[in-house]
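Asker: Sequence:
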Amino acid sequence: MSRSRTERLVNLVICLLSTRRFLTAAQIAATVPGYEHDPDDAREHEAFQRKFERDKAELRELGVPLETGTASAFDAEPGYRIAHREYALPDIPLQPDEAAVVGIAARLWQHAGLAAAASSGLAKLRAAGVDVDPQATLGLEPMVTVDPAFAPLTAAARDRREVRFDYRVPDRDAPARRRLQPWGVVCWRGRWYVVGHDLDRDATRCFRLSRVVGPGRATGESGAYQPPTGVDLISHVARWSGPVERPGRATVLVTPGRAAGLRRWAVEVTAGPDADRLVLPYGDACSLAGHLVGYGPDVRVVDPPEVREAVIQRLKEIAARHDSLAVLR
Numbered sequence: 001m002s003r004s005r006t007e008r009l010v011n012l013v014i015c016l017l018s019t020r021r022f023l024t025a026a027q028i029a030a031t032v033p034g035y036e037h038d039p040d041d042a043r044e045h046e047a048f049q050r051k052f053e054r055d056k057a058e059l060r061e062l063g064v065p066l067e068t069g070t071a072s073a074f075d076a077e078p079g080y081r082i083a084h085r086e087y088a089l090p091d092i093p094l095q096p097d098e099a100a101v102v103g104i105a106a107r108l109w110q111h112a113g114l115a116a117a118a119s120s121g122l123a124k125l126r127a128a129g130v131d132v133d134p135q136a137t138l139g140l141e142p143m144v145t146v147d148p149a150f151a152p153l154t155a156a157a158r159d160r161r162e163v164r165f166d167y168r169v170p171d172r173d174a175p176a177r178r179r180l181q182p183w184g185v186v187c188w189r190g191r192w193y194v195v196g197h198d199l200d201r202d203a204t205r206c207f208r209l210s211r212v213v214g215p216g217r218a219t220g221e222s223g224a225y226q227p228p229t230g231v232d233l234i235s236h237v238a239r240w241s242g243p244v245e246r247p248g249r250a251t252v253l254v255t256p257g258r259a260a261g262l263r264r265w266a267v268e269v270t271a272g273p274d275a276d277r278l279v280l281p282y283g284d285a286c287s288l289a290g291h292l293v294g295y296g297p298d299v300r301v302v303d304p305p306e307v308r309e310a311v312i313q314r315l316k317e318i319a320a321r322h323d324s325l326a327v328l329r
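For the sequence shown, UniProt numbering gives the first residue as 1, with consecutive numbering after it.
Honestly, I wouldn't trust all of these hints.
Claimed, not checked - Label pairs and their calculated CB-CB ranges:
id: 1; residue 1: Ala30; residue 2: Arg239; range: 20 to 26 angstroms
id: 2; residue 1: Ile14; residue 2: Gly272; range: 44 to 50 angstroms
id: 3; residue 1: Glu268; residue 2: Gly63; range: 37 to 43 angstroms
id: 4; residue 1: Glu317; residue 2: Pro247; range: 55 to 61 angstroms
id: 5; residue 1: Arg21; residue 2: Arg263; range: 21 to 27 angstroms
id: 6; residue 1: Glu36; residue 2: Glu67; range: 20 to 26 angstroms
id: 7; residue 1: Arg168; residue 2: Pro273; range: 44 to 50 angstroms
It is worth saying that the hints were derived from the structure and are not from the lab.
Even glycine gets a Cβ: it sits at the ideal position worked out from N, Cα and C.
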């Protein structure tokens with residue numbers, strides 16, 4: 001579905017939900033963006049009618065309870081409205097941490113170019129009385145970034161298209177070309193991976209997206225292959241990456257009531273009047289820094305110096321990236 005049609009359908013739903021009376025097609029055309037036309041022009045009016053019929057069918061297929069009727073017995077032309085009782089969501093009980101996860105997921109979808117789906121899902125949850133404000137998520141990481149290859153590889157996995165990309169590994173100087181039938185993209189221990197069938201090695205493989213050089217390129221037609229049923233992508237990545245050793249200990253100060261994710265991770269928590277002291281196990285200073293910077297001013301590193309320096313470096317990189325985007329705008 002095109003973006004313009006999606007926006008038109010959303011506007012149509014908003015219009016029909018905003019009134020309890022039946023609206024005629026002419027009233028809808030005069031109200032909803034995307035239906036503009038000259039009703040006295042036969043060709044334009046016929047095009048509008050075809051478009052409106054397709055949109056009505058689409059809404060009904062999506063489960064929207066679109067009703068047809070008249071406002072009074074004197075109306076000759078039928079009108080349309082959405083039944084509020086049938087359209088309303090049932091109560092959705094979410095715990096605070098579950099609502100926080102929804103907010104984080106919405107921010108990720110927005111970064112991945114799926115803002116329309118994120119906005120739609122959040123709007124429905126808010127309509128049910130669930131507070132999932134993505135800007136205030138219990139101190140969980142408020143800034144989610146994804147690798148450049150995330151969007152094209154996710155789209156290729158969805159469309160079942162083969163992808164080609166250059167992949168860099170630590171023990172080689174130059175990246176190697178890989179051909180993959182992607183099954184899906186998953187997050188494991190703060191990193192994103194694509195799992196699929198490696199065509200050159202004729203075996204299942206997973207690749208860390210941060211090591212993919214460039215966005216990659218989809219080739220071939222959609223639906224060219226079918227992933228195996230019941231495959232557990234997370235388990236495959238976990239077996240491939242192996243156990244993570246965390247011999248290091250980092251001490252951080254956290255604003256009271258914030259950073260719930262770090263509190264669950266901590267091996268020691270000491271409450272204080274102005275800040276709580278947390279001791280976090282870690283194996284890689286840069287990886288830990290990637291988690292900490294997302295909490296913004298709610299977290300401050302006390303020691304060791306390598307973690308503090310890694311956080312400072314990560315913040316400098318983020319600042320430089322935002323400066324570059326500002327120049328492009």
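Asker: Work down the list of hints and note, for each, if the structure agrees.
Answerer: For each hint, the structure was consulted:
| no. | hint | verdict |
| --- | --- | --- |
| 1 | Ala30 to Arg239: 20 to 26 angstroms | violated (60 angstroms) |
| 2 | Ile14 to Gly272: 44 to 50 angstroms | holds (48 angstroms) |
| 3 | Glu268 to Gly63: 37 to 43 angstroms | violated (50 angstroms) |
| 4 | Glu317 to Pro247: 55 to 61 angstroms | violated (26 angstroms) |
| 5 | Arg21 to Arg263: 21 to 27 angstroms | violated (52 angstroms) |
| 6 | Glu36 to Glu67: 20 to 26 angstroms | holds (25 angstroms) |
| 7 | Arg168 to Pro273: 44 to 50 angstroms | holds (48 angstroms) |
Checked against the numbered hints above, the structure breaks hints 1, 3, 4 and 5 and satisfies the rest.
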